[in-house]
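J.: Between the sequences and the hints, there should be enough to build the whole structure, so can you do that?
Protein chains in written order, with this note's numbering: chain A, 1 to 292; chain B, 1 to 280; chain C, 1 to 381; chain D, 1 to 389.
Worth flagging that the hints you see were computed from the coordinates, not collected in a lab.
One or more of the hints may lead you astray.
[As the list claims (entries may be wrong)] Among the chain D residues that face chain C by a calculated CB cut under 10 angstroms, a handful are:
no.: 1; residue: 40
no.: 2; residue: 90
no.: 3; residue: 117
no.: 4; residue: 132
no.: 5; residue: 134
no.: 6; residue: 135
no.: 7; residue: 149
no.: 8; residue: 173
no.: 9; residue: 201
no.: 10; residue: 331
no.: 11; residue: 332
no.: 12; residue: 348
[Claimed, not checked] FRET-style restraints, in silico, Cβ to Cβ:
no.: 13; chain 1: A; residue 1: 179; chain 2: B; residue 2: 243; range: 52 to 62 angstroms
no.: 14; chain 1: D; residue 1: 305; chain 2: A; residue 2: 120; range: 38 to 48 angstroms
no.: 15; chain 1: C; residue 1: 119; chain 2: A; residue 2: 29; range: 31 to 41 angstroms
no.: 16; chain 1: D; residue 1: 364; chain 2: C; residue 2: 178; range: 30 to 40 angstroms
no.: 17; chain 1: D; residue 1: 97; chain 2: A; residue 2: 144; range: 55 to 65 angstroms
no.: 18; chain 1: B; residue 1: 142; chain 2: C; residue 2: 271; range: 36 to 46 angstroms
no.: 19; chain 1: A; residue 1: 120; chain 2: D; residue 2: 166; range: 54 to 64 angstroms
no.: 20; chain 1: A; residue 1: 274; chain 2: D; residue 2: 166; range: 35 to 45 angstroms
no.: 21; chain 1: C; residue 1: 334; chain 2: D; residue 2: 305; range: 49 to 59 angstroms
no.: 22; chain 1: B; residue 1: 76; chain 2: C; residue 2: 239; range: 50 to 60 angstroms
By construction, the Cβ of each residue, glycine as well, lies at the ideal position given by its N, Cα and C atoms.
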Amino acid sequence: MDYLLAGISVGGQYALIAIGYTMVYGILRLINFAHGDIFMVAGLIMVYATTAMPLYLSIPFVLLVTVIIGVTIERVAYKPLRSAPRMSVMISAIGVSYTLQNIALYATGGLAKVYPTIPFLSNTVKIFGATTKWVTVITPVLTIALVLGLVAIIKFTKIGIAMRAVSKDFETSQLMGVKINRVISMTFVIGSFLAAVGSILYFSNYPSVVPTSGSMPGLKSFVAAVFGGIGSIPGAVVGAFIIGICENLIRAVSIGGVSLTPFSDAFTFALLIVILCVKPSGLFGEKVTDKV
Amino acid sequence: MESVLRLCDITMQFGGVIAVNNLSMEVNKGEIVALIGPNGAGKTTAFNAITGVYEPTNGAIYYKDKLVISNKPRGKMKKLYAGENNGKYHTVMSKTPDKLTKLGMARTFQNIRLFKSMTVFENVLTAKHLRRKSNLFTATFHLNYKEEAKMRAETLELLELVDLLDVKDELATSLPYGKQRKLEIARALATNPELLLLDEPAAGMNPQETEELTEFIRTVREKFDITILLIEHHMNLVMDISDRIYVIDFGKEIAEGTPAEIQSNQKVIDAYLGVAEEDE
Amino acid sequence: MKILSPADKKKNTVCNLIMFAALIAVLIYIDATSLSVDMIVKVLQKGCVYAIVVVSMNLLNGFTGLFSLGQAGFMLIGAYMYSVFSVDNASREMVYSFSGKPVINFQLPIIVAIILAGLAAALFSFLIGLPVLKLKSDYLAIATLGFAEILRTIIQWDKFGRVTNGSFPISQLNTFKARLADTAFAKMSFVIPFFIVAVICIGIITLMIHSTYGRAFKAIRDDEVAAEAMGINLAKHKMISFVTSSFFAGIGGALYAVFVGSTNAAPFTSALTYEILLIVVIGGIGSITGSILASFLYIASQEWWLRGLDSGTFMGITSPIFRNGFRLVVFSVIIMIFVLFFRNGIMGDREFSSLGIYRAIKNLPGKIAGKFKKSKAEVQE
Amino acid sequence: MKKIFAAILCVAAICASFAGCGGSSSSSDTIKIGIFEPASGANGAGGKQETLGVKYAHDVQPTVEIDGKTYKIELVEVDNQSADDKAVTAAAELVNKKVSVVLGSYGSSVSIAASPTFKEANIPAIGITCTNPQVTENNKHYFRICFLDPFQGSVLAKYAWDNGVKTAYTLAELGNAYDLGLASSFKTAFEKLGGKVVAENFPTNQADFTSYITNAKNSGAQAIFAPTSISYAQLIIEAAATQGLKIPLYAGDTWDSNVILAAAKGKDVEINVTTFYQEGGNKEFDDGFKKWLNADSSRLTNNGGNDIVSAVSAMGYDSYFTALEAIKAAKSGDAQKIMDALWNVDYTGVTGQIKFDSVNGDAQRTVAYIKAADNTTGEWKFVKEQGVN
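T.: Written out as structure tokens, the structure is:
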């Protein structure tokens, strides 16, 4: 039960990050390697913000600043490369990730920062015989609520329709008068916003922020996005929950007395490779064939 | 007559759409055969099935009377299949494009696909890689220098033949459109093919260039003694050089015959109504 | 893309030979006059190690167009393969004291162990390549990255401790210096051996790129569909490139172990791969000389020239912002500048030629006179 | 444009190389001591606290008197970034700056990587808190003033056994030699005493320890031994508190940090650590060090934001005076002479007596201090001195 609960909670947090990956990939065909680091930066900003202002101000502040950072990164590092080969853009993403980590390292001096306690979220609660924090219970609920909201936006608003159009065919929608740059900025706004929410939930649960905090959750969320079929939002959410639960369950098993705990991360990657080889389009993804 | 390429009941179905329907055709040695049809008739799809890019849903392809591609409705297609001759073919066999090229089929592309970073000379030289005798070791340590020298000499010869020798050190993509087409053909010829497949070689050319190309294709056939299958929209070119013509519409063959026969075929005229006029 | 005339070719060869001879003379001089622990020696050694790995990655990413991020994983295999066969016999029990009795209890000659390291990396890459090489660009990248992480976990697993020493470092390794100490080459045992290995490795890669196989690689990079239509077997050629690249990454890893003197799986993370990739970009994707140049520049600035940024005083300026970590910030900014504004790197996809330098020097007065933009460095295919 | 840029880059590089080379002139009345510590990377926090100890010692005693002449001591700091390959060049940097003796490092693998460089340069190194046996074994230039992993593991095993623990659960980071070294020594010693050990490892960058704590509970352990680095420690404490873990957490010297106290404050977890030094053990040192820390805000930041004395700082302090003793005994700033003199140094510092054994140059230590975290005051409580037997 403990494992399952932990899995669902982690899954919810991965889901929020995975949506950012999947949306950016859907529109720009870019693995935004820096997304995990945006998540980490959001955590650090929270640490610094709470020393300067009360909690009810710092949470919206963090959300706002993270969104600004996300959009700025897009403007500075990805926009100039829009017509460049895909490899260049991806290298730029890696560069951004490297830069964010180094700036964080410089700012923190390499010390682990303790994440502030948010009173309600950090209280403990007992359900089904397992003791845990409120945040664990809230995460999946909040995730699903946010995703439903997001799906509504994409389905019914004008910008949502534009997003879907762009992800189907970049050039044509541009010719049809869709303001590409606005759509892309909006994607980064939503992605960064969800990453910031995810970071509040994640770090309330695991209250230590180091410059590399973002890389593992980032990678795993990406795996989740691929698992669910990259470009598909429900796919990313389902994938994230599956990965979260699986990696926690694997810690509970041991084969012939040999504990498999060291392989919980390796397992995620193995899963990724298997999916890529067997069904590259993921659970909910569309199959794309190359045109000759 | 010696058969070079034979298609038997080739059907291509994407989801519920049948792009090529039960197409059978034959190309004999030394012939120039054209495959024509209105836009969206399934010509390029058929072409891609022949060259191994797509796997046909049903049917078989023989190259020089040897089975090279064969398929039957499988997997999802088992239920979805809406074409004919279900159950006629049993073997599942699909050779990748490179294997087919090795057997002696070479192709060009509708939207020119040259190696962008290479010069004209290198583009052709690269195609020579296929017929190498050296292995990785001898090639790396340049123990195959004789072969390499031969490759280079042959490339120069070929370039001279297609009249591209003067631009051999230019970047391939910097050439004018017509020359890029020629270069693509030269590159295909460098693989020493017996069957040359040309996918709309005159696309985007003006009448004068088209005329030159017609002449060029003819020269190529004579000099290299090869068979040619081409898809084309330019009726002048097709009628000028083809020995035989296949016409397809909605994926199905509607006529076959000499240029004269085709020109007078009512079915063809119906299918092309307006289209042919517009094209000319 | 200028083709040299025969006369120029001859001149170029002469220039190359002179340059190479001069380089060797300089290295011999450095080896003879420096201590083995001088910064210049360490930087040159590490530069050689990186040059091999960077060029091997360029073969894959730059020349074949396969975006693979598994380099650190193959270096890891190389480093461990080398290390388990190179522990000093007398110290082996001590090194493995936490892991139990070592399975491999003999030492191989240094060169044999290095080659073995390359072969092991090549073997693994072959096995990994079978499933993943079918994947397209970014998926390939993430899959190879994943494999590298899995490999690291496996190596660190205590169940293999008797071979790999689990998570504990393997120290007391064989070094060139120790081997050559009592020979006539004692004074040439610092940089020269690293240099020789690097020249051989990079030489082989260069020869391969200039062979008919190299052309096939470039064809795959330029247009996969067209390459396949020209009869190039994609699976086979991608595999050749992948395995070759990994072989040299493995050798690079082994040399890395020689350089550090001990081996530990922890540094071989994806961060190392990113670092190598960024050097490839700085040098120019598709340029061998660019990669080499960038490797040495990168290592020298990181380890040596820019150190002042961390310790408070840089180029005579003292400022409180020069504290720990600032060097890395400056570094990442430089890299971003390259990625965004100098996307072709130092060399683009061209190569450096000594004839070009010779001409540049000859033309220098004229250039200063005003023709600034004209022909600073001639380039050659 | 590109060429201009390349030219500028080259010029900048050349200038930088001059800058890098310059500024290391040494005069005859200065003796240089190198500080080889991580200031970034995984062990950055600990390395900084250790460096603070050395710097404080230097402020206390910035000179040394040899034969009536006063020599100034100059500290040369490098950052080994907690990475093996960076450690090699960082060590070379120290050698090039002509230091006479090196202090450090926090973390064993960097010390092992740097060891050949110091050996070739014939410079003695004094390990402060690198506890892996490989650091000093089979070489004559690397000394160390702390105890070793097997000793520390055994001490904790004995302590646990004495407190009635029959089954213990160990948790270590995969790939971290320090963690696994302690865990493995603990296991060996504890099993020898008759106990049962369930050992598990977690991968690097792990943040979610819920499942591990659950595993520990399910294994029926009466204590968890988690000798991890500080950043994981925070997360483990958090997870343990959340899940209402009723069994004590044991750890090694890394956990002896004010960061742990901050993390544990107000939470219902029991934490016991072994350490080299007990705050309050030497009032003069404690007061002096605190005053020194509070005099400069950057020092406070490097200490983790408050003025609690960490054991590693005390060790750093002692390492400096050990080096001074050796310099005095050698009557010279010559590296070789200092190395020879170190074998006979017998110095009693704030962390106890330091005297090196004649085989590997390890300090002979027979007891470690056990401390427990007081979660209401946020301070350490001294429990006992614990030996192996």
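J.: Each of the hints needs a verdict: does it hold here or not?
T.: Cross-check of the supplied hints:
1. 40: holds (6 angstroms)
2. 90: Nearest chain C Cβ about 8 angstroms off; hint holds.
3. 117: holds (5 angstroms)
4. 132: holds (7 angstroms)
5. 134: Check passed: Cβ of residue 134 of chain D comes within 5 angstroms of chain C, closer than 10 angstroms.
6. 135: This hint holds: residue 135 of chain D lies near chain C, its Cβ roughly 9 angstroms from the closest one there, short of 10 angstroms.
7. 149: Given a least distance of 8 angstroms, the restraint on residue 149 of chain D holds.
8. 173: holds (8 angstroms)
9. 201: holds (7 angstroms)
10. 331: At about 25 angstroms, which exceeds the 10 angstroms cut-off, the nearest Cβ of chain C leaves the hint on residue 331 of chain D violated.
11. 332: violated (20 angstroms)
12. 348: Violated: closest Cβ of chain C sits about 30 angstroms from residue 348 of chain D, beyond 10 angstroms.
13. A:179 to B:243: 52 to 62 angstroms: Check passed, 54 angstroms falls within 52 to 62 angstroms.
14. D:305 to A:120: 38 to 48 angstroms: violated (26 angstroms)
15. C:119 to A:29: 31 to 41 angstroms: holds (37 angstroms)
16. D:364 to C:178: 30 to 40 angstroms: Given a distance of about 31 angstroms, which is inside 30 to 40 angstroms, the answer is holds.
17. D:97 to A:144: 55 to 65 angstroms: Holds - the Cβ-Cβ distance for residue 97 of chain D and residue 144 of chain A, about 59 angstroms, lies within 55 to 65 angstroms.
18. B:142 to C:271: 36 to 46 angstroms: holds (38 angstroms)
19. A:120 to D:166: 54 to 64 angstroms: violated (40 angstroms)
20. A:274 to D:166: 35 to 45 angstroms: holds (42 angstroms)
21. C:334 to D:305: 49 to 59 angstroms: About 32 angstroms separates the Cβ atoms of residue 334 of chain C and residue 305 of chain D, which means 49 to 59 angstroms is violated.
22. B:76 to C:239: 50 to 60 angstroms: violated (30 angstroms)
Consistency with the previously given hints fails for numbers 10, 11, 12, 14, 19, 21, 22, ordered from lowest to highest.
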